[in-house]
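Student: Protein chains in written order, with the numbering used here: chain A, 1 to 359; chain F, 360 to 661.
It should be emphasised that the hints constitute simulated quantities derived from the structure, not laboratory data. A portion of the hints provided could be inaccurate.
Simulated restraints on C-beta separations [to be verified]:
id, chain 1, residue 1, chain 2, residue 2, range
1, A, 349, F, 516, 39 to 45 Å
2, F, 519, A, 96, 31 to 37 Å
3, F, 412, A, 172, 34 to 40 Å
4, A, 39, F, 404, 50 to 56 Å
5, F, 475, A, 35, 38 to 44 Å
6, A, 214, F, 621, 23 to 29 Å
7, A, 49, F, 404, 43 to 49 Å
As the structure is a prediction and not an experimental result, all values here were calculated from the model. All C-beta atoms, glycine included, are put in the ideal place defined by N, C-alpha and C.
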Amino acid sequence: MTSASTPASVARTGTGSDSGTARATEGGARSGTAVAYLRHAAGKLAGAAVSLLAVLVTSFFLFRIIPGDPVKTMTHGMPTTAEQLATLRRQFGLDLPLWQQFTDYCAKALTGDLGTSYQFRAPVGELIAQKLPATLLLTGTAVVLYSALGLWLGTRSAWRHGSLGDRLNTGVALTLWSVPSFWLGLLLIIVFSVGVGPVPGLFPTGGMESGTGETGLGYALDVAHHMVLPVLTLVAVGYAQTLLVMRSSLLDEMGGDYLTTARAKGLRDDAVRRRHAVPNALLPTVTMVFINLGHVAAGSILVETVFSWPGLGGLFYQALSVPDLPLVQGLFVVFAGAMIMTNLIADLLYPLLDPRVGR
Amino acid sequence: MTSEPYVTAAALARRRRRASLARFWHRYRAHRAGLWGLAGLTLIGLVALTAPLTVGADVQSVTNAPGTALASPSAEFPLGTDQFGRSLLGLLIWGARISLLVGLLAASLSVAIGTLVGILAGHYGGWFSTVVMRVTDWFLVMPALVLAIVLATVMSRSVWTVVLAIGVTSWPTTARLVRAQTIAVESRPYIERATALGGGDGHVMTRHVLPNVMPLVLAQTTLGISTAILTEATLAFLGLGDPTVVSWGGMLQDAREAGAVSSGHWWYLAPPGIAIALVALAFTLCGRAVESVLNPKLGVGR
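With the rest of the complex left out, here is chain A:
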């Protein structure tokens, strides 16, 4: 990389050849990159559609073929006659040929009909829609907090890599990363909700609200009070990944000549870090945060179970313990679909954030 322009600005405006020709034929170059971007986006959209179809295929065959006869599973432990089994089979469309069952299943799933839960006797789609906001609130808060924490600590760690602070930071993060989230949650409940020795119970043991019928600000504060421990658990086990990715991508950037140039210009260390190094190192980390959004939703299964949080994860656990197969199946599709969507968003955003990609 030449020192003609500061490489930080090169990275921001595009590759060298791009910015060179951009001024002369601005309109042409811009529509050219727009077409390239649209082609990239169309490819990613098609890929996501295929992945979604593959999820439907998996969920259909996993639940139809591996567990044996679904009707027998449904009536497990109940005395049933052969006639009753036949009636049930007809009722659920299980007497039709397999390919027809499959097309029926896909058509229904695409219109949001994911079957009927055995234990709640309600449509699976409706149950999921009811629990979704609670999960979004919990995981959204946790993702924002642990991304910010990971970015901040990762930057500090990389900037003084090898120092005592760096080793301490990485060590703590790796230790928390190795801790099972459900165990940490249970421990936090013992210490801060039940209370150990002189420590009184500061936070509720579970749930999302006290049910005292408060409205407005009082309700918001009550929910926030219930959210402290679950969010703390998710942040503690999750921030390590952001920290480590930010640390290694900043370490990669720190070898760059443009930082030497920036220092030679007489910029203070702080400005070199904030204006030059960090913006370039942010890209991989931001993508990873997006990709992880879907993982967090799935990871919240345990935390929601431990804290009786009324979200999708808690619902999944309830479905598993029966096992309520249509509900498990529906949630599997929703969790996998969420992953595919967040990956798609990351894929679509990445070329916009980093012009070096996808052109």
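Assemble chain F onto chain A, guided by the hints.
Tutor: Chain F only, in chain A's frame:
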């Protein structure tokens, strides 16, 4: 080679292998965190292997448990007892066996699938590689934990189900890495020489590519074990493990069901979680050290 003018090819290969192993150990020793991890693993491995002598299989027995139910820590039972009156320290030691076993087996299965897929995709290329890597990408996008939970739900409860559920959901990362390494290895001239001398696909893959991807595979296995142990604990905690064997995740589930949380029995709850975290951390530290010895560019740091 002056002292021994005539050396057989096998002896030469053995000597070189020993030298490279010594070199590896020399570089590994520079990573203090890696050494801590190794020491921890040795200790835990010894505890798990000697468990039949120290605590014995009787520790699992519900019918003739030695103590009273849910006793606090005492001289006889340093960590107290569970709801059946079994010694929690004994269960903790016995549980190490199943956690390590499942971790090792599941990570090996996952890495074996990943290596096989990666080498085949990298070696054959073309449409075969495209299709295989599409499937790999799809598995990479799937939430592995959810898929493992679903697999464990629809199959019968056993240790093998857990191994299978973890193994078949966690191989895609290895497959991607191994494929890239295979392509890099196959572009080297000595592969051309091997094919010119009549070496077939099988010969190239097993004799040239496989030994070259082995270090990478080793690092992946070490890192994979800690994830596998955590997943095993998670599945057991959700009640999807084998109910007849004692494992750390299962102990946590028992503790929760026995009301250890609401009654504040931290001595029941804390040790299994600490054990899981320590083992997972030890494997992670070793894996990172191996990785940075093999690939110093990764910037893992010391």
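Student: A separate judgement is required for each hint: does it hold in the structure or not?
Tutor: Cross-check of the supplied hints:
For residue 349 of chain A and residue 516 of chain F, the hinted distance range of 39 to 45 Å is satisfied, since their beta carbons lie about 42 Å from each other. Judged by the Cβ atoms, the range 31 to 37 Å given for residue 519 of chain F and residue 96 of chain A holds: they are separated by roughly 34 Å. Hint check: residue 412 of chain F to residue 172 of chain A, Cβ distance near 36 Å, so the stated range 34 to 40 Å holds. At about 53 Å, the CB distance of residue 39 of chain A to residue 404 of chain F agrees with the hint of 50 to 56 Å.
About 40 Å separates the C-beta atoms of residue 475 of chain F and residue 35 of chain A, a value consistent with the hinted range of 38 to 44 Å. Judged by the Cβ atoms, the range 23 to 29 Å given for residue 214 of chain A and residue 621 of chain F holds: they are separated by roughly 25 Å. Between residue 49 of chain A and residue 404 of chain F the CB atoms are about 48 Å apart, so this pair conforms to the stated range of 43 to 49 Å.
Violated hints for the displayed structure: none, as all numbered hints are satisfied.
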